[in-house]
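Trainee: Protein chains in written order, with the numbering used here: chain V, 1 to 375; chain B, 1001 to 1520; chain H, 2001 to 2413; chain A, 3001 to 3421.
Some clues are possibly wrong.
[Said to hold, decoys possible] Not close to chain B: a few residues of chain A, all C-beta gaps over 10 Å, as computed:
1) I3031
2) F3048
3) R3409
[As the list claims (entries may be wrong)] Listed next, the stretches of chain A that the computed footprint assigns to chain B, with coverage defined by at least 3 CB atoms under 8 Å from CB atoms of chain B:
4) 3210-3217
5) 3269-3282
6) 3290-3299
It is worth saying that the hints were derived from the structure and are not from the lab. Beta carbons: idealized from backbone N, C-alpha and C, even for Gly.
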Amino acid sequence: QGGAGRPGGGSPAAGGAGAGSPAANSPAGGGPAGGSPAGGGAAAGTPLPGAADFKACEVSDTGGIDDKGFNQNAYAGLEGAKAEFGIGEIKFLESTSEADYNRNIQTFINEKCDLIVTVGFLLGDATEAAAKANPKQKFAIVDFAYDPVIPNVAGIVFAIDEATMLGGYLAAGMSKTGKVATFGGIDIPPVRTFMEGFAAGVNYYNKQKGKNVQLLGWDPKKKSGSFTGDFQDTAKGRQVTEGFIQEGADVVMAVAGPVGLGAAAAVQDAEGVMFIGVDVDQAISAPEYRDVMLSSILKRIDNGVKGAIRSALEGRFKGGVQVNTLKNEGVGLAPYHEFENDVPQELDAEIDALRQAIASGQVKPADWYEGAPGQ
Amino acid sequence: MKLELQGITKRFPGVVANEGVDLVVEPGEIHALLGENGAGKTTLMNVLYGLYRPDEGEILLDGRSVTFHDPGDAIAAGIGMVHQHFMLVPVFTVTENVMLGAESTRGFGGLLDVADARRRIVEVSERHGLRVDPDALVEDLPVGVRQRVEIIKALYRRSDVLILDEPTAVLTPQEGEELFAIMRSLARSGTSIIFITHKLNEVLQVADRITVLRRGRVAGTTTPGTTSREQLAAMMVGRSVQLQVDKAPSEPAGTVLEIKGLVVCDDRDHVAVDGLDLTVHAGEIACIAGVQGNGQTELVEAVTGLRPVSAGTVTLDGRPITAHPRRVFEAGCAHVPEDRLEDGLVPGFTIADNLVLNSYYLAPYATGLRLERHAILQRAREQVAQYDVRTPSVFNDVANLSGGNQQKVIVAREFSRPIRLLVAAQPTRGLDVGSIEYIHRRIVEKRDEGTAVLIVSTELDEVLALADRIAVMYQGRIVAILDPAEATPERLGLLMGGARPEEGLDPEAQEIAAAAASAG
Amino acid sequence: MAAVPERPTRPGLTRQAVTFGRGLLLPALAILTALILGALVIVLSDPDLVTLFGVDPVAALGASWDLVAAAYGALIAGSIGNPGDLVGALAAGDLDAFVAALDPISVTLQRSTPLIFAGLSVALAFRSGLFNIGAEGQLYLGALFAVFVGFSFPGLPFFIHIPLAVAAGFLGGALWGFIPGFLKARTGAHEVIVTIMLNYVAYRLIDLALKTDVFQRPGREDPISKEVVESAALPPLIPGLAAGVHWGLVIALIAAAVVSWLLFRSTKGFEFRAVGLNPQAARYAGIDTGRTVILAMAVCGGLAGLAGTSEVLGSNRRLVSGLSPGYGFDAIALALLGRSRPLGVVAAALLFGALRAGATPMQAATGIPIDLVVVVQALVIMFIAAPALVRGLYRIRAGRTTGTEVFSKGWGT
Amino acid sequence: MTAAATTVGAGSAGLRRQQLFGFVYLALAAIIAVAFGAATEPGATSSFELNAPRVAVQLPPLVVPSAPTAYALAGLCAFLGAVQLTRGFGARNAVVLGAVVLLFIAGFLVWAASTRSMNLVGVLQGTLQRATPITFAALAGVLCERAGVVNIAIEGMLLTGAFVAAVAASATGSPWIGIIAAVVVGALLAALLAVLSIRYRVDQIIAGTVINIFAIGMTSFLSARVLQRRPELNNPDRLGPIQIPLLSDIPVVGPIVFNNNVFVYAMFVLVVLIHVALFKTRWGLRVRAVGEHPKAADTVGIDVLRTRYQNVILGGMLAGVGGAFLVLGSTGRFDREMTAGRGFIGLAAMIFGGWAPVGSFFASLVFGFADSLQARLSILNVPIPSELLLMVPYVVTILVVAGLVGRARAPAADGRPYEKE
Ligand SMILES: Nc1ncnc2c1ncn2[C@@H]1O[C@H](COP(=O)(O)OP(=O)(O)OP(=O)(O)O)[C@@H](O)[C@H]1O
Ligand SMILES: Nc1ncnc2c1ncn2[C@@H]1O[C@H](COP(=O)(O)OP(=O)(O)OP(=O)(O)O)[C@@H](O)[C@H]1O
Ligand SMILES: [Mg+2]
Ligand SMILES: [Mg+2]
């Protein structure tokens, strides 16, 4: 099942995205994963009936809307819904502390928002309380799932390890030194899930090919790894990545928000090293690093949010969990862009096969976290 | 160079420090400036030296009017000043201190030419007999030598007018004599000298002319030949002053303070008190005479519990007193510290709070954790009246009191309880004759009540006036103990300067001297 | 000089009132100036407006006015609310509407609560000659200890559980204040550097603790603590407004009174202030300066710890790593603004609480980032710390100078 | 106040101190043996890579048997402890202390690299990189404090410098203009500090704190309000490393020292330049006099206030460069609060370095090493929680400040406003 269904979550910028261009997420920006389960259908700019009176509101966690990830990505979903479905109003409130959550949600309830999107597991408790107190109010929460289900809350969660497993396989296949690396911002589940899936990909590759590609920065057995400790200190991201490169790694995936771009800078300054972005297609959102951007792990929060808005608009809204997977293209692997010609045909084909296998449930990333299953 | 100050007025908020002061200093003249504390002497000199801008009046040099915006201008015009408080950087060498502001440089980018400066310093010091090691760190030098460095600093800049602000306050009489010799030689070569002091003897001895300031105005100008100490004192204060303390012979009783083999280190871990022995009896005033920097400060701090003792014992009435000021206080020891504002008072606290600074936790000023404001205020009002502290209110901040009144606050606090031992360091430093008179009277009163009194002073006049027994301290030891009757300033000065004690000392001192000789 | 031995009198009541009024003038002007500069920042940081100024200055001026008015209007509405609503509800006898109209004030008071504690912490430190930049870290440690007690002993009656949890919070903060106090007293390490470093250590420590089984909520993998049980939770102060001000405010006001008593009416406070003003003289007077510094820092830490405590027991009922939006740093401003007097700190905390409470509605209404509030706060401190700036700006004559206050004296000893 | 009074150097106390150190050394030896030696797997080796990637001259890795090496190090440490206990080292105490610390670190490295390979050159490269902003901060501190102004606002100056560098370099397309802009804004903030603390005599630490809060608020605000909407303003070109021909081919040293960007080379030059200027020139003599005894400086005609203004502003400019490094020499973008306390660590380095440029540089290297090693350990999956590893640089700072400030002497007038009248 991967990470889907478990109460995972984000954090300030949990899967940090690119240089802040929401365009990288919008369909017009060329996001290759295509439409999301619910949001893909509408043609841009065709208002849906009743949309003009619809009000969608987002409450961020303490990361703020400019967190280059998570909160921002969700907001891109709101903006997308405005552009595509023509909804009347979108609003946003930033939380600076724990104490803000209840109040911000209450503010939007008072403002009679049609749908309130709360972002991240930090808001889990506050959203639950508000939802139970206001059973008519519709909520959507990113990266959180309630068990049992709350009828007026839709949980938008991501089986991100399915996508990072593809990334790990790709990294292992492209590495010349036989060493690949990953690190995180803060050691929290949504970050860890990225890294575990990546490890699964490497393990799968090693098993399939009988190789021994090493993964630096994550120890699947001890479930511990390399973290910079925050999502701000970009220089630290750079320095950690330099460390990886010095230890011989030549593909690096950073799950650290803006800190990841410090990592990309280090990759760019080294020779023959490649970078795998996260959250959005960073070759588009951070074009300055196109030349080292092997691919990106896509986490379509925007699509998830858009889908929730659409279902509310169309009167199909229901509570429960909406899992974004490879299969429904809620997560995915971005194109290779500059590396299109460098990725061998066979490798691409193998990745495609793996994608099929995961989508069909034949291969489960969680089985591969620590190595080949049964070993 | 002929110097004239005409109608100088300088005001500070609330104080007129100088008011219409006229002063003429002829070339080659030694001109003494006298006055009570706060009379405005330093202020006047600071105006002359460009540190302050006068509110009114002008300065003429050889008849030309000049304006100094900063000391740099004054220095350039040939004025040099040795300040009341040393203006030396402790962590610099002598050479660095002397050359500062007038550096020798060579080559590119203002690289210092230390060798050249050193050569010139040696030149100056040899010409005037001011011996000093140019490479020594100033913080390692005794005060007398620092004084020399200050003078070299002024001479290095070729001063035509040299201002000496209380230069002898920290010197032994012998060092004072040496300084006077230098002053006379400088004056002979044409340098004008303004000499500030509180010591009337010195004025009569060295000055060509004397100007007395009182409350910022010139009270009069005279010459040594036509005046006396008494007249000068009266001119300063505005009334006649008793220069001698009236006191009956002492009646020493049992031993109160006993110090044995005391070793104490200074802040830099050098041994400052080096195996010192001393006893003080009830009803006597023992004075420790010595040049500043011979371990007196550390001795007092050790006795009052402020500084840990490395070896030896200190007992009060037979009980050892530990390195804790509060226990020493509770054992009945009062302490008038050397530095009022640094140690004795908390500026920012009211007079009332300062009066209970060391007893605030005791009844009736506190019950448990609670301060009893009424008891504190009542005591404050009583003592302000009793000790004549001039202040509008006990709620006033002590920082706003004059120096003399600050000292009275301390004296009131320390004297107004039954005590066994009084330790006072430089109790009248920087005070004027009136205040000195007052404080001396109080100390003798305490003695007559049967308190043992230990005074540390660098002022020979004070020592001679107060002491029932004089101990001379040199390099961390008591080198001689004298009866005041047989002590002359000359003899004391020699001993303070490190001369070996001659015969005819009292037996205890001989013993000590012998012990010191065998140990060293 | 003039020896007029006027007998001690206390300044008369009217004189006191005038002095007090004068005392309020400068802070008020400081806040006003900071808000004006804040408005300037709002306008200048809007690229569209700046462009518009080049094209049509009059329209731009109007638009700027609208933007600033909307922002500050929302700020005020979100922090004080609409007095009209209050009066209307009262007139109509509509209790629910009345309570609803109280909401902004309730939020302001809620935000003020941790600020009062933290401000008292820094103020007490200032009075003791110490500069506590570590309130932030102490706050977290206090929260950690308090939340532990808060979730650990279900079944305790609230009148035992709450005091116990509050005491634990104080202790946690005190521990984090003790370290810099101890190091300063024993080694001379400057508390500024040590407290700043301890803030970073505290962040990591919280991250670490929230991953352990002791703290982490069962069934959750994200760093979130177990829930504070009902018996340890500080209940809301205004019934009907569950999310707003809680009993922590009452504790904060009590703390302010206690600190005031401690500082100015107790022997310990006498020691704190003596050491703060002149450690050398304090030592001479028999006060153990080292112990005093340690005790003062520990008490400061404890007060800051209570800031975290009131947050976890009152507002959030759980601990996560994003607990404080920088209360510990605001506290420095508060202590300055309140001139290190407890009452002043409370007043300043109300102001900052209002700024924080109003910042969110301001963002909701105009999209202006709430960091603006931080800028305004910095400007307020600057104008308070340099009153001459404000005086010069408004051409106010200086009163009696009380001399410059130096809070800290270089690094070493 | 208490520090001075409680240290007693005479006979007995000196002995106690010496013995204390002896016991500490023995304890460290025990830790090396037990925690590092015995904890490794039997027969395991520790391998240290001595090459940077892609250098001409390749050295073989240094491979040592883990446990025996740790035991040997422990033995050496124990020997030093025993000698310390019995005879003492007298004047060479500091050297021995340094040696023991090195032995301990070596033991730790052997344990950490056991069954693994660690790239030592990489660790040292990382050390220099991390030391660079800290050194700039420390140099800024030295300039200010030598003139008697405590500058706690260096953190804010770094942050603002970083922001402005990012924006200016992005807008103009030239990183050089970014550096200049950072220098200018550093100078402006410093001028504000100077005016507040010198002219208005605001307590220097408070003035500095104001600037820090202001810098954090302002850069975060602008980052949210401007950079968010105009991401192209946060996309500067970086200044990449410049290999110095020949020198960079020297094994080990070459890749560490001679393959860096201009900031690092500028740092080398500035450290030496400021050191010489401070201790060998007229300017430096006057600056130091102002910081030690401003009144004395005043009385010989030195303009105290001007010297202070000048030095504070120069310091601000250096802090600006340090901030520019973080963006233009390292990450290529600005993010809110990206300085993460480096300004404060720089101040600690300044204290550790005895208020001297060269000393501060070496102190910065110590912090850089702690940080670099920390990151390396997490890369190698050494089983210590990452949160604990992340505390290391901060804890080191506390230890350094606690352990050394008592002995290091700050300029006497540091932090004290000077009143002319
Ligand atoms: N910087 C200042 N600000 C305010 N008042 C001052 C200042 N300097 C001196 N005063 C006041 O001016 C008066 C004269 O002081 P000054 O130092 O000149 O006295 P003095 O004659 O040198 O005394 P002393 O013998 O104690 O050295 C005193 O009342 C003093 O308080
Ligand atoms: N900073 C100040 N603020 C307010 N009043 C002050 C200040 N300094 C001095 N005063 C007041 O000015 C008067 C003169 O003080 P000053 O120091 O000149 O006295 P003084 O003549 O030196 O006396 P003493 O001989 O006792 O030292 C005193 O009454 C004192 O209270
Ligand atoms: Mg006086
Ligand atoms: Mg004088």
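Trainee: Check whether three or more residues of the segment 3290-3299 of chain A sit with their beta carbon closer than 8 Å to a beta carbon of chain B.
Mentor: holds (count 7)
Trainee: Using Cβ atoms and 10 Å as the threshold, tell me whether F3048 of chain A really stays out of contact range of chain B.
Mentor: Fine: 43 Å to the nearest Cβ keeps F3048 of chain A off the interface.
Trainee: Against chain B, does the segment 3269-3282 of chain A show at least 3 residues with beta-carbon separation below 8 Å?
Mentor: holds (count 4)
Trainee: Grab the minimum beta-carbon distance between R3409 of chain A and chain B and tell me whether it stays above 10 Å.
Mentor: violated (7 Å)
Trainee: Since I3031 of chain A was said not to touch the interface, does its Cβ keep a gap of more than 10 Å from each Cβ of chain B?
Mentor: The claim holds: I3031 of chain A sits with its nearest Cβ about 31 Å from chain B, beyond 10 Å.
Trainee: Just to make sure I understand the rule, a stretch counts as covered if three or more of its residues have a C-beta closer than 8 Å to a C-beta of the chain. Does the segment 3210-3217 of chain A meet that for chain B?
Mentor: violated (count 0)
Of the numbered hints given earlier, the model fails hints 3, 4; all others are met.
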